[in-house]
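Asker: Protein chains in written order, with the UniProt record's numbering: chain G, 1 to 183; chain X, 1 to 76.
One thing to keep in mind: the hints can contain errors.
Under the rule of at most 30 Å between Cα atoms (straight-line distance), these lysine-lysine pairs were calculated in the DSSO-like manner [what the hints assert, rightly or not]:
no., chain 1, residue 1, chain 2, residue 2
1, G, Lys37, X, Lys42
2, G, Lys144, X, Lys42
3, G, Lys102, X, Lys55
4, G, Lys77, X, Lys29
5, X, Lys50, G, Lys77
Ranges between beta-carbon positions, derived for each pair [claimed, not checked]:
no., chain 1, residue 1, chain 2, residue 2, range
6, G, Phe180, X, Lys53, 28 to 36 Å
7, G, Met171, X, Glu54, 24 to 32 Å
8, X, Gly38, G, Asp74, 33 to 41 Å
None of these hints come from the bench; they were simulated from the model. Glycine is no exception: its CB is placed at the ideal position from the N, C-alpha and C atoms.
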Amino acid sequence: HPWETVTTAAMQKYPNPMNPSVVGVDVLDRHVDPSGKLHSHRLLSTEWGIPSIVKSLIGTCRTKTYIQEHSVVDPVKKTMELKSSNISFTNLVSVDERLVYKPHPHEPDKTILTQEAIISVKGVSLSSYLEGLMANTISSNANKGREALEWVINRLNAEIEEFTASARETMRNSMAAAAFVEK
Amino acid sequence: MNSVGEACTELKREYDQCFNRWFAEKFLKGESGGDPCGQLFKRYQLCVQKAIKEKDIPIEGLEFMGPSKGKTENSS
């Protein structure tokens with residue numbers, strides 16, 4: 001998909017069926033910097049489907065994990081960069097992710113995504129130790145991310161069609177009503 | 001999609017609709033002429049900041065970014 005489509009979808013990524021644990025998204029800050037790039041700081045709330053009996057023991061405020069996401073969209077250079085890291089009450093494991101979306105250099109209708117993740121336990125980076133283990137998870141998550149955007153793009157297209165159809169209907173109805181009143 | 005503060009979800013939806021339209025139709029096309037969503041954003045922001053304080057979410061350097069921040073009212 002072209003870069004503009006992917007970027008628009010990425011801004012509206014949640015909710016989607018591939019990430020059912022994301023239950024809340026909020027924009028903490030957003031501004032366009034002097035060079036024209038859009039910065040957004042967002043907070044994502046996730047719930048991991050902890051059984052309710054556990055929730056009642058530890059309290060619901062501890063079952064949510066929060067992810068802080070900073071994105072920068074450069075509409076001139078056509079890049080979108082996303083950096084996210086999780087905030088949790090235990091601060092034991094942290095995952096930092098970086099994604100960059102750019103138009104494909106040779107095929108303008110495609111977008112290239114580069115993605116990296118750094119996992120640390122108590123501040124010590126485990127990237128070398130867990131490399132083999134995490135590679136599968138990360139690449140399957142990367143696929144999930146692509147599927148999620150694909151889903152959002154389809155939904156946006158369907159919404160546009162629905163909106164156009166209902167706008168036509170509304171206009172028809174109001175024209176009929178106006179004609180009736182004028183009589 | 002809900003907001004972290006249940007009371008803010010409606011404000012969030014209004015703001016999101018405004019933003020998504022501006023983003024796709026203006027910003028990406030290179031017309032960054034003023035963001036029409038400023039008012040909606042401010043109201044939504046105040047609500048979210050209150051919810052985050054109430055839920056004690058430890059966000060670093062939170063409400064203190066961006067030139068668009070006005071004075072936040074102290075919650076009672």
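Asker: Next step is simple, just say for each hint if it's right about the structure.
Answerer: Now for the hints, and whether the structure bears them out:
1. Proposed proximity of G/Lys37 and X/Lys42 is supported: the alpha carbons are some 20 Å apart, at most 30 Å.
2. Proposed proximity of G/Lys144 and X/Lys42 is contradicted: the alpha carbons are some 34 Å apart, above 30 Å.
3. Between G/Lys102 and X/Lys55 the CA atoms are separated by roughly 37 Å; this puts the pair beyond 30 Å, and the hint is violated.
4. Only pairs whose Cα atoms come within 30 Å are accepted, and G/Lys77 paired with X/Lys29 is accepted, the gap being roughly 12 Å.
5. Distance check on the hinted pair: X/Lys50 and G/Lys77 sit about 36 Å apart at the alpha-carbon level, beyond 30 Å; violated.
6. Distance hint for G/Phe180 and X/Lys53: a CB-CB separation of about 54 Å, inconsistent with the stated range 28 to 36 Å.
7. Taking 24 to 32 Å as the suggested C-beta distance range, the pair G/Met171 and X/Glu54 does not conform, at roughly 45 Å.
8. About 22 Å separates the C-beta atoms of X/Gly38 and G/Asp74, a value inconsistent with the hinted range of 33 to 41 Å.
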